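Novice: Here's the letter readout for the chains.
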Amino acid sequence: MSSSDDDDERIPFIQRPEWSDVRPVPQDDGPHPIVPIAYHDDFRETMDYFRAVYLADERSRRALDLTTEAIGMNPANYTVWHFRRLVLEALNVDLHEERDFIDEIAVRNSKNYQIWHHRRWVAEKLGPQAADKELEFTMMILALDAKNYHAWSHRQWVLQSLGGWEKELDYCCKLLEDDIFNNSAWNQRYFVITRSPLLGGLQAMRDSEVSYTVEAILANPQNESPWRYLRGLYKGDTDLLVSDNQVSDVCLKVLKTNHNYIFALSLLLDLLCYGFQPSHELKRVVQFLGKTETDSSDANLATTICSILETVDPMRSNYWAWRKNNLPSQVC
Amino acid sequence: MESSPSFSTSFSSPPSTNPIPNPNLDSQPRLTVTQLEQLKVEEKVAEIYRLLNGVSAHARSLMSELWCDKHVEFLTRGLKQLGPSYHVLDANRPWLCYWILHSIALLGEPLDTELENDVVDFLSRCEDEDGGYGGGPGQLPHLATTYAAVNTLVTLGSENALSSINRDNIYKFLLRMKDSSGAFRMHDAGEIDVRACYTAISVASILNILDYELVKDVGNYILRCQTYEGGISGEPGSEAHGGYTFCGLATMILINEADRLDLSSLLDWVAFRQGVECGFQGRTNKLVDGCYSFWQGGVLALMQRLLPIVAKQLTPSSVSGESSLGSTCNIKSSDLAGQGSGKLSDVSFSFIKRHTESGPLFHTIALQQYILLCSQVLEGGFKDKPGKQRDFYHTCYCLSGLSVSQYSWSKDAGACPLPTAILGPYSNLLEPIHPLHNVVLDKYYISHEFFSRS
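Going line by line, the protein sequences match chains A and B.
Sequential numbering of the first sequence, starting at -2, is according to my numbering.
Sequential numbering of the second sequence, starting at 96, is according to my numbering.
Next comes chain A alone, as it looks inside the complex (with noise of 0.2 Å):
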């Protein structure tokens, strides 16, 4: 929406003597429109010679400028943006100020499609030059909102398009160290130890991230964002997530705590239908707590998991319940 200040100092088009070769085109509504918006008059005006430039396919100066103005009033008409793409190509713009122009409306509309895919047109033709300047963008985006989507997407896009992975496991630590709960970093740094060109990928990798996983893990048990990263560390794996000590022994500690284990139980599920053969400890510790939740000492250590998933956890109480029916048939 433009501002009253925008208001004040706009000239109707039909005021504006640049203007005064082209017939406005009304949209065509019919006789009885349905979801009909009460446009505003500046709104209507610009859109209908908006509409004129469009099917008139006008390549001009004034046509990018229609545009600057439309795309003001409503960021999310693709319509628009792909006719100004066309525009910038045919005068040939310098796409820099392009890039000037999409960061002033992009802090105001942050979550908007159309936007991030006309930064990533911008930025592809700008190439790897541009990395900088966009790692930058997102940043900044995401010193707004830590989670917003676009900015993240984006942001991979640049990396593997552009360039740039030198700094981006430091960013992800930085935002961890801020928020340990922030999904989207996490997210960010499986991207980066699987993808990054300078890290040695997923198997390089794993010692420290499960180090630093574990440790995470520790601190904040309820947090389920590391629990689901330290299953990804192992992806495509099975066998070494079951070999691994530190796995089943992080479920351990958690679980001696008495408290948030819910995280550690589900883990720990897991790991006996893939195979898993429990210390006497674990079992103990397990039977434990199943003591005091449920009536099933006597089954088997995943049927008993279950039942006390299926109390402490009574929001996912049908999905336990089902896990509890389908356990394959091997399982400790």
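Please keep in mind that the hints were generated in silico from the structure rather than gathered at the bench.
All figures in this text were calculated on a predicted structure; none of them were measured in a lab.
One or more of the hints may lead you astray.
To be verified - List of simulated lysine-lysine pairs, DSSO-like, C-alpha gap at most 30 Å:
1. A:108 with B:139
2. B:175 with B:478
3. B:407 with A:280
4. A:108 with B:480
Claimed, not checked - Covered by chain A, according to a simulated footprint, are these stretches of chain B (three or more residues, beta-carbon under 8 Å):
5. 377 to 390
6. 448 to 461
The beta-carbon is built from N, C-alpha and C at its ideal position, and this holds for glycine as well.
Since chain A is already given, all that's left is putting chain B on it; use the hints.
Specialist: Relative to chain A, chain B alone:
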């Protein structure tokens, strides 16, 4: 043990859970932004539920009533006139039609023929001469608004509405939007993502024009979007998200490739999205939002019908190494599709016709409680969460989620649920939907018959 202190919602037996890490026991010296925002929402929701639990049974029943008349009034008014602030949705008018008309259909409210014909006329003005529908008259055709327009016309269900769709042109448009990767782009030179794939495939399926050329490699793209968390993201590498998970899973089912996904991790992820507020969040550690009642609730409704495949994936022989999933699974999606002729356009029909043995996988009464008490606006319409404003988008997806949860105990799609499955008076019961397309089930059947003829 997780005790159940302040936040109990024992009425109609939604679960009571310990909502928050006790800040005093927390080893963190301070609460993070995520925790603070979460606490604020939990407090607001808890206040509503406390109120609910403090009143008589009669008052509780009143509080959980669906205010149908008010909703119809709010919706009908929007259909006929929208204020100037709606100019930000000027490129989404078929969406406004769909959100409003699907909501009215869910409420079982008939539409008069004149109004119905006006909608058909208006949408035909949004249709591009080379195929597809744009966001308004004269706008570039776009996959999302094409989906909205087609679903609207299916929801109207009349001969006039269904025959107004130019299927040959839509097919050409869909093919033009297909990228060499197999995925789809939203419009000419537009963005590629999972939403685009879903809207394209859903439209093609419902219009009976889905073929191998449209399907080719789209499954590979969706697979690349399943994240380490289990859910599906908008693009490869992004974060698992409720909206995209619905779109990705529905696409895979419609193209008969659902068994290629890691369904057990998907199920685990989505099951954990229902929180102490009783509603769903869109992503891990994000806030509850009424619209995910459909996106996540819909995923769980779809998963309910895929459970034989999940059970198969959970057995050790098929879990080591993800690539083996497709090939080692004896139960394929095609088995779920029944004894169809193998035509892709039959998948959706067979999927919904199939009898299911399993009950729901989420807490359906709790979800209804969140929708009716935290999202419902007494003057009509629904909102994201307490403190937010109502809008047509949230009205559509809260009602769709409400319908999904009301029918989730039915073993056959659309079978009348028992009163125990419904929170509040039985008159709260909405029309059932087809969860792959999110259109009212009866309307789906009518359109299926119509488009099967040709």
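Novice: Against this structure, judge whether each hint is valid.
Specialist: Hint-by-hint comparison with the structure:
1. A:108 with B:139: Given pair residue 108 (chain A), residue 139 (chain B) holds - Cα atoms ~25 Å apart, limit 30 Å.
2. B:175 with B:478: holds, 21 Å
3. B:407 with A:280: holds, 26 Å
4. A:108 with B:480: Holds, at roughly 19 Å.
5. 377 to 390: That given contact holds, which follows from 4 residues of the region 377 to 390 of chain B lying within Cβ reach (below 8 Å) of chain A.
6. 448 to 461: holds (count 7)
When each numbered hint is compared with the structure, no violation occurs for any of them.
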